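Colleague: Per our numbering, residue 2 is the first one in the sequence shown, and the count goes up by one each step.
The set of hints was computed from the structure by calculation and includes no laboratory data.
Note that the structure is a prediction, hence the values are computed from the model and not measured.
Careful: at least some of the hints might be erroneous.
What the hints assert, rightly or not - For each label pair, taking beta carbons as the anchor points, the in silico distance ranges come out as:
no.	residue 1	residue 2	range
1	69	221	45 to 55 Å
2	229	167	15 to 25 Å
3	69	90	22 to 32 Å
4	224	103	39 to 49 Å
5	47	138	47 to 57 Å
6	90	50	15 to 25 Å
7	148	50	33 to 43 Å
8	145	90	46 to 56 Å
9	148	182	14 to 24 Å
10	34	69	19 to 29 Å
Note that the Cβ used here is the ideal one computed from N, Cα and C, for glycine as well.
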Amino acid sequence: MEDKQQGFATFGGPVILTLVCEVATRALKAVRYQKFNVHRRLRPEGVGGLIDRYLTIPNLQDGELKPIAPLVEALRNERLLDRVNQFNNGQSYLLPMAFPEGSPMHPSYGAGHATVAGACVTILKAFFDHGWQLPLGKDEATGRYIAYEPNADGSGLVEVLLEQPLTVEGELNKVAANISIGRNWAGVHYFTDYIESLRLGEQIAIGILEEQKFTFGENFTMTVPLFDGGARQI
2 MEDKQQGFAT FGGPVILTLV CEVATRALKA VRYQKFNVHR RLRPEGVGGL
52 IDRYLTIPNL QDGELKPIAP LVEALRNERL LDRVNQFNNG QSYLLPMAFP
102 EGSPMHPSYG AGHATVAGAC VTILKAFFDH GWQLPLGKDE ATGRYIAYEP
152 NADGSGLVEV LLEQPLTVEG ELNKVAANIS IGRNWAGVHY FTDYIESLRL
202 GEQIAIGILE EQKFTFGENF TMTVPLFDGG ARQI
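Sequences and hints are given; from them, build the entire structure.
Modeller: Listed below in C-alpha cells is the structure:
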C-alpha cells in the first residue's frame with residue numbers, strides 16, 4: 002500500500018514546503034549573527050586590495066600593512082603573485098570580479114547562500130529517500146552507468162561512464178555545492194565560507210527537525226545523511 006498513500010499535514014507537500022521556507026529564514030538570521038557578532042571576516046576583495054597596496058607602495062610594508070607580510074610571502078612561494086602580475090602586464094596584483102560593484106558590504110563568513118542551501122537540502126534529504134538511485138542507462142561494453150556532463154566550453158553535453166549510480170542524496174549535495182561554490186567563483190567568498198556555512202545550515206535544519214518531531218502524532222525516526230559522510234537519527 003505504500004505506493005497508494007501520500008502524506009499531507011505530516012510527511013506531505015505542505016509540511017515539507019513550509020519547512021524548506023522556514024529553515025531558509027532561520028539560516029539567514031543565524032548566519033547574519035555569525036557575520037556581524039562573531040567573525041567579521043574580511044572579504045577576498047579586501048584582502049586582495051591590502052596585498053596590492055603592500056606590493057605597490059613599499060613604504061607601507063613596515064607600517065600599517067606589516068601584519069599581512071606572512072600572507073604575501075606564502076603567495077610568493079606559490080608563484081601566484083607572479084602569475085597575476087604577469088596577467089596584468091605588471092600594473093596590478095588585483096584580479097577582475099564577476100560583480101562590477103564589488104563584494105557585498107557585510108563580512109565574508111558565513112556565506113548566506115551556502116547556509117540557506119545547506120539548511121534547505123538537509124530538510125529534503127530528511128523527508129525523501131536519499132538513497133534512491135536515478136534510473137540511468139548502462140554501457141553494454143563496460144556495465145557502467147551512463148551520465149552526462151558539460152563539455153570543455155559549456156556548449157553541450159558529453160557522455161561519461163560512472164562506476165556508481167547517481168542518488169537523490171548525491172544530487173541534492175550537488176545543488177548545495179553549486180549554489181555555494183558559485184559565490185567563490187564570483188570572488189566574494191573563500192572556500193571555508195562555503196563548506197563551513199553548509200554545515201551551519203545543516204545543523205540549523207537538524208535542530209528544527211528535532212523540534213518539529215514533537216508536533217507529529219506518528220511515532221517515527223528519520224536518518225539524515227550529513228555533508229561529512231556521517232548520519233544523524235532524529
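Colleague: Work down the list of hints and note, for each, if the structure agrees.
Modeller: Here is how each hint holds up against the structure:
1. 69 - 221: 45 to 55 Å: With Cβ atoms ~53 Å apart, the hint holds.
2. 229 - 167: 15 to 25 Å: holds (20 Å)
3. 69 - 90: 22 to 32 Å: holds (24 Å)
4. 224 - 103: 39 to 49 Å: Holds, at about 43 Å.
5. 47 - 138: 47 to 57 Å: holds (49 Å)
6. 90 - 50: 15 to 25 Å: holds (19 Å)
7. 148 - 50: 33 to 43 Å: Given range 33 to 43 Å: holds, Cβ gap about 42 Å.
8. 145 - 90: 46 to 56 Å: Holds, at about 47 Å.
9. 148 - 182: 14 to 24 Å: holds (20 Å)
10. 34 - 69: 19 to 29 Å: Since residue 34 and residue 69 have Cβ atoms about 27 Å apart, the given range 19 to 29 Å holds.
The structure agrees with every numbered hint stated previously.
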